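S.K.: Generate coordinates for the entire structure from the input sequences, incorporating the hints supplied.
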Amino acid sequence: MTWQGWLQIGLVLALVASAIKPLGLYMAHVFEGERTFLSPVLQPVERGFYRLAGLDSRAEQTWLGYAMGVLLFSFLGVLLLYAILRLQGFLPFNPQGFEAVAPDLAFNTAVSFVTNTNWQSYGGETTMSHMSQMLGLTVQNFVSAASGIAIAVAVSRAFARSGVDRIGNFWIDLTRATLYVLMPMAIVVALVFAALGLPQTLEGSVTAMTLEGVSQTIAMGPMASQEAIKQLGTNGGGFMNVNASHPFENPNAFSNYLAIFSMLSISSALVYAFGQIVGSRRQAWALLAAMAILLVAGIGAIYWAETAGNPIHLAAGVDASLGNMEGKEIRFGQAMTALYAAATTGLSNGGVNAMHSSLTPLGGLVPLFFIQLGEVLPGGVGSGLYGMVVFAILTVFVAGLMVGRTPEFLGKKIEAREMKLAMLAILILPLAILGFSAVAAVIPVGLAGPANAGPHGLTEILYAYSSAAGNNGSAFAGLSANSPWYNTTLALAMLAGRFAYIVPVLAIAGSLAKKTRVPASSGTFPTDGVLFVGLLIGIILILGGLQFFPALALGPILEHVLMLAGQTF
Amino acid sequence: MSSTAITPSVVDPAILLPALRDALVKLDPRQLVRNPVIFVTEVVALLVTVLWAQELLTGIGAPAFSGQIAAWLWFTVVFANFAEAVAEGRGKAQAESLKRGKADLFAKRLLHPNDEADTASEVIPAISLKVGDIVLVEAGDIIPGDGDVIAGVASVNESAVTGESAPVIRESGGDRSAVTGGTQIISDWLRIRITTRPGESFVDRMIGLIEGAKRQKTPNEIALSILLSGLTLVFLIAVVTLYGLALYSGTDLSVAVLAALLVTLIPTTIGGLLSAIGIAGMDRLVRFNVVATSGRAVEAAGDVDTLLLDKTGTITFGNRMASEFMAVEGVGETELARAVLLASLADETAEGRSIVALAKSDYGLTEPPAGEGRPIAFSAQTRISGIDIDGRPVRKGAVDAVLRFVGLDKSQAPAGFNAAVDAVARTGGTPLAVAEGTRLLGVIHLKDVVKPGIKERFAALRAMGIRTVMVTGDNPVTAAAIASEAGVDDFLAEATPEQKLDYIRREQQGGRLIAMCGDGTNDAPALAQADVGVAMQSGTQAAREAGNMVDLDSSPTKLIEIVEIGKQILMTRGSLTTFSIANDVAKYFAIIPALFVATYPELGALNVMGLASPQSAILSAVIFNALIIVVLIPLALRGVAYRPVGAAALLRRNLLVYGLGGLVAPFLGIKLIDLAVSALNLI
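Top line first, the protein sequences correspond to chains A and B.
Those letters in the first sequence? Residues 1 to 569, per the UniProt record's numbering, in order.
Those letters in the second sequence? Residues 1 to 683, per the UniProt record's numbering, in order.
These are computed hints drawn from the structure, not numbers from a lab.
Because the structure is a prediction, the values reported are computed rather than measured.
Among the hints, a few may not be true.
Pairwise CB distance ranges, derived in the manner of DEER restraints [what the hints assert, rightly or not]:
{"#": "1", "chain 1": "A", "residue 1": "T516", "chain 2": "B", "residue 2": "A459", "range": "22 to 32 Å"}
{"#": "2", "chain 1": "B", "residue 1": "P497", "chain 2": "A", "residue 2": "S522", "range": "25 to 35 Å"}
{"#": "3", "chain 1": "A", "residue 1": "S522", "chain 2": "B", "residue 2": "E116", "range": "49 to 59 Å"}
Reference excerpt, derived from the structure (chain B facing chain A, CB under 10 Å, subset only) [unchecked claim]:
{"#": "4", "residue": "L233"}
{"#": "5", "residue": "L242"}
{"#": "6", "residue": "S249"}
{"#": "7", "residue": "Q508"}
{"#": "8", "residue": "E564"}
{"#": "9", "residue": "K567"}
{"#": "10", "residue": "L570"}
{"#": "11", "residue": "M571"}
{"#": "12", "residue": "A582"}
{"#": "13", "residue": "L603"}
{"#": "14", "residue": "V608"}
{"#": "15", "residue": "M609"}
{"#": "16", "residue": "A612"}
Cβ coordinates follow ideal geometry from the N, Cα and C atoms, glycine included.
M.R.: Set out below in structure tokens:
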């Protein structure tokens with residue numbers, strides 16, 4: 001580790017921190033239906049959409065109505081994307097003439113992009129036409145992110161309201177998130193990306209003659225625009241198979257900074273918007289502090305593990321000065337790789353600028369553990385916030401009792417119904433991750449996937465299901481996931497991780513909105529102080545992470561102790 | 001059974017032995033299913049026992065190991081049951097004595113209840129009484145059921161219920177008309193209208209409550225059970241899937257070790273102690289001589305935001321007392337005091353006595369010999385008392401009455417006199433005038449005396465985040481003065497029952513929880529509306545029905561203790577939950593390396609405690625998990641110490657003790673047990 005490395009990390013995080021307040025306030029205004037500086041341009045467009053849809057912009061929904069809206073919209077999204085992928089051979093903008101995507105892969109991909117996972121069982125540049133990339137995948141990059149934001153906003157409103165059963169209107173929140181937040185930011189970021197050298201073209205590929213005299217096909221396409229929403233919407237689905245480690249997707253240090261900044265900014269600012277909507281900015285900073293502490297700890301752990309390197313490599317005479325550089329890009333270096341790997345899994349982004357499979361065992365453990373914690377550091381756009389709210393509810397429940405009052409969070413009593421729903425949501429990750437992994441680790445079709453034997457192979461399986469269930473989408477690499485077994489089970493894990501979580505969360509929102517807000521007193525458990533931040537971290541680690549300890553012990557931890565013993569597979 | 005009653009020791013054999021038997025009876029899965037965590041433990045224990053038997057018969061496997069695991073899993077279940085049984089046992093003796101008092105009661109039901117002179121009655125068993133029956137009780141009789149006195153005055157010994165042996169007066173009408181079944185009438189007679197069905201009377205409710213037979217889970221207990229069940233499911237998933245992951249890693253885990261891992265991870269500590277905490281909390285309340293109709297009310301008490309307290313009897317002593325004598329110009333202090341003393345000798349009211357006491361204590365005067373002068377007794381009509389001595393009339397009384405006596409209009413009174421009267425009125429006190437002949441001597445300041453120490457209690461409540469509101473029929477000026485002296489946060493002056501009800505509703509609409517106490521029939525609506533309504537045992541039947549708690553000592557300050565007990569129950573639950581969850585970290589470090597060290601010796605690095613062998617590590621974790629329940633039973637019964645220091649400070653303290661303690665304790669405990677296990681060669 002070097003001070004220059006930490007300085008770079010600090011710089012990017014400081015940039016993100018400086019964006020939190022203005023962006024958070026802007027989003028709070030947008031979702032409260034107030035005027036913003038973009039309203040003169042966007043409001044007529046927004047109204048036009050509502051008129052087209054025959055939507056009353058004042059009509060609000062109950063939690064059930066809201067949830068049905070999310071489910072219906074997502075279901076139609078899967079259908080549409082599946083159709084596009086299956087029919088891409090007949091559709092225009094297919095300069096490379098790609099055939100239809102196979103049924104199981106098309107299903108997996110459709111689910112993957114609608115659930116904001118962006119797990120890719122395929123190589124983008126060798127499978128998807130420009131039409132599929134732009135009209136299929138990119139559209140979902142926008143609206144799946146917007147759905148997440150909408151749900152987070154509905155949850156925020158539930159805390160702000162008292163004695164009502166309405167939590168907002170999904171269609172309006174969806175429209176506003178896309179129109180006022182994602183679109184303008186994506187346009188700006190895409191232009192900057194293009195300026196930084198990302199290709200933005202409808203050409204298919206160029207063929208070049210290399211120095212060795214062989215011809216090489218170089219894939220091209222509308223990458224700058226794709227890359228922008230991939231980061232902003234914490235989607236992570238790359239245009240290229242190797243994602244943001246490819247020199248076209250992420251050509252230099254600046255594009256790397258911008259990528260990390262883009263993926264962290266909206267999720268972090270949404271927490272601030274939450275504080276603004278519920279009327280307690282201190283609460284927002286407390287949640288952000290818990291997120292930041294864990295995230296920085298993770299960055300540090302990866303950075304340390306990677307620079308410490310692999311003793312087996314060292315014994316073989318590899319230059320030790322840079323640490324473990326396998327699978328990393330020299331133009332990013334250790335610090336920016338550590339930051340990217342931690343951020344992409346602390347979020348539910350899933351894009352990578354290095355191959356996580358090539359990280360040292362402990363370096364690889366961090367991204368895996370971050371996903372298993374439920375991606376709340378600060379998490380996917382929207383999903384991070386509502387995931388954190390569930391943890392906060394659990395925290396006040398366990399710890400709040402210790403002050404001798406029935407627990408309350410932001411003035412809302414946490415009772416049996418909320419606990420039931422929160423536990424339902426909490427159960428999803430262990431069920432999907434450990435359940436599928438345990439089966440895949442013993443059946444032949446599952447065992448056919450991992451490229452490596454021993455604990456690393458188990459980590460590959462674990463990582464795949466964690467990534468899917470956590471709607472992260474990053475691949476550990478090494479796992480051949482494009483098989484009917486993995487495509488199907490991973491799709492199921494993605495669906496469960498997204499919707500089996502969203503429905504209880506919205507039900508909690510509905511239940512909280514109905515409750516009267518209890519005014520705080522000195523007898524109330526303070527949820528905006530240092531103590532709460534510490535507790536929240538404890539609960540995230542214990543309730544979110546403890547159940548994965550046995551699995552991690554057999555995966556990365558075992559691999560680590562074996563590495564120290566010099567054993568290879 | 002007064003509030004100072006000695007809490008039975010946890011190691012009292014009279015409680016422990018029956019509790020041990022009950023703990024075994026409670027193994028019945030139909031009972032145990034109410035407690036999901038312990039139920040799962042029992043199922044797992046059964047499974048391991050069956051496998052152990054199979055291993056014994058076939059000779060395959062390690063029956064010595066799985067047998068010990070099975071035994072300790074059973075101990076875990078029995079210890080959890082034992083905790084509950086001990087908690088229940090502490091109330092049982094009390095319930096028994098109440099039941100004895102109730103047995104074989106007979107009632108004299110009046111045949112012609114409408115004829116007040118006719119005492120013809122039939123004797124029927126008390127259990128066949130119906131609501132609305134009129135019964136006659138005479139000296140020596142046991143009152144057959146709860147009811148209202150409709151005629152007669154009698155002294156009643158209520159010690160069977162309250163533990164207080166001094167008899168109380170019960171009479172028709174007013175606030176002393178309620179009688180409780182099972183209490184004994186000592187003198188005279190009463191006609192009583194029965195108001196509750198047999199089996200639902202106050203004593204029945206009390207028995208049910210103490211025995212825990214009708215115990216229902218409180219809302220927070222339900223929510224906590226859901227959390228614990230959820231955690232159990234999470235760890236069930238983690239343990240079951242571990243089998244597959246271990247197979248991949250070349251280890252075929254046995255059911256016994258998986259069972260051990262599961263039971264140590266699921267929150268058995270809090271799961272086993274949860275109901276004991278609730279029962280013990282109710283029991284503590286009963287020991288404070290408060291009977292709650294439901295656990296829900298006790299829990300709500302912990303959440304109370306606002307306490308509505310009657311001024312009289314709660315905040316002040318209830319009687320106004322003389323606090324100073326203020327002489328007008330030209331009159332000496334001693335002269336005034338002497339006149340005051342003389343004028344008040346014939347005033348037998350509490351106020352009069354307080355004036356005499358003040359004259360003696362602060363002015364060193366002594367009473368003149370009896371028979372000197374002609375006393376004029378105080379009466380409500382004249383509102384004046386005094387003495388005619390040596391032909392001079394000395395009088396004291398209400399200001400306007402004394403002015404009339406001396407034949408002066410208020411405007412004609414000396415300026416100093418009027419100023420003193422106004423000064424007293426401004427501070428909320430009551431001025432009395434003193435005159436000798438036609439000369440006004442001065443003013444007595446009568447004041448509602450705030451109970452000593454009450455201000456500190458309110459400050460403590462404020463630190464807990466609880467507002468206190470004083471309710472009084474006094475005018476706003478008087479009320480404000482007493483409110484500021486007592487340190488309450490707000491007051492409700494000239495309060496009518498309707499205003500009280502409105503105030504409660506308004507507060508509740510703002511999301512606050514209200515507690516109040518009351519005794520009169522006109523308190524009933526407010527008692528019913530309040531989240532915690534404590535009725536006085538001495539109060540009317542209507543009030544007792546409306547509230548959700550009854551204070552047998554009829555002491556309104558009890559409300560504060562009730563709140564503390566409510567908080568203590570919640571705190572104990574939270575602390576033990578935190579402890580239980582924090583324990584898991586150490587258990588992982590004990591068991592995970594033990595499971596896989598045979599296949600991968602390198603994983604021994606995780607064996608940070610340096611436990612002797614894989615088997616002893618697993619066994620030690622299971623033993624620790626079982627024993628910790630027993631170790632924590634006293635804490636569960638006693639409750640976590642409560643201090644009124646505010647939420648943040650409480651949390652810091654409990655987190656340090658139970659959070660950090662929960663993290664560290666099992667590391668030490670498991671290591672010690674492991675040393676013992678290896679020393680005894682159990683494995």
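S.K.: Verify the interface restraint on A582(B): the C-beta must sit less than 10 Å from at least one C-beta of chain A.
M.R.: With a closest approach of 7 Å, the A582(B) hint holds.
S.K.: Against chain A, run the beta carbon of L242(B) and see if the smallest gap drops under 10 Å.
M.R.: Result: holds, 5 Å to nearest chain A Cβ.
S.K.: Hint check: is the beta carbon of Q508(B) less than 10 Å from a beta carbon of chain A?
M.R.: holds, 8 Å
S.K.: Against chain A, run the beta carbon of E564(B) and see if the smallest gap drops under 10 Å.
M.R.: holds, 8 Å
S.K.: Given a cut of 10 Å on the nearest C-beta pair, is the interface hint for V608(B) held or broken against chain A?
M.R.: violated, 13 Å
S.K.: Check the following: the C-beta atoms of S522(A) and E116(B) are separated by a distance inside 49 to 59 Å.
M.R.: holds, 58 Å
S.K.: Double-check L603(B) for me: the hint is only fine if its C-beta lies closer than 10 Å to a C-beta in chain A.
M.R.: Holds: closest Cβ of chain A sits about 6 Å from L603(B), inside 10 Å.
S.K.: Confirm or reject the claim that T516(A) and A459(B) have a C-beta distance inside 22 to 32 Å.
M.R.: Distance hint for T516(A), A459(B) holds at roughly 28 Å.
S.K.: Checking hints one by one. Is A612(B) an interface residue toward chain A, by the C-beta closer than 10 Å rule?
M.R.: violated, 20 Å
S.K.: Any CB of chain A closer than 10 Å to the CB of L570(B)?
M.R.: Since chain A brings a Cβ to about 5 Å from L570(B), closer than 10 Å, the hint holds.
S.K.: Given L233(B) as an interface hint, is its Cβ closer than 10 Å to any Cβ of chain A?
M.R.: For L233(B), the interface hint holds, since the closest Cβ of chain A sits about 6 Å away, which is under 10 Å.
S.K.: Tell me if the interface restraint on M571(B) is satisfied: Cβ within less than 10 Å of some Cβ in chain A.
M.R.: This hint holds: M571(B) lies near chain A, its Cβ roughly 4 Å from the closest one there, short of 10 Å.
Checked against the numbered hints above, the structure violates hints 14, 15, 16; every other hint is satisfied.
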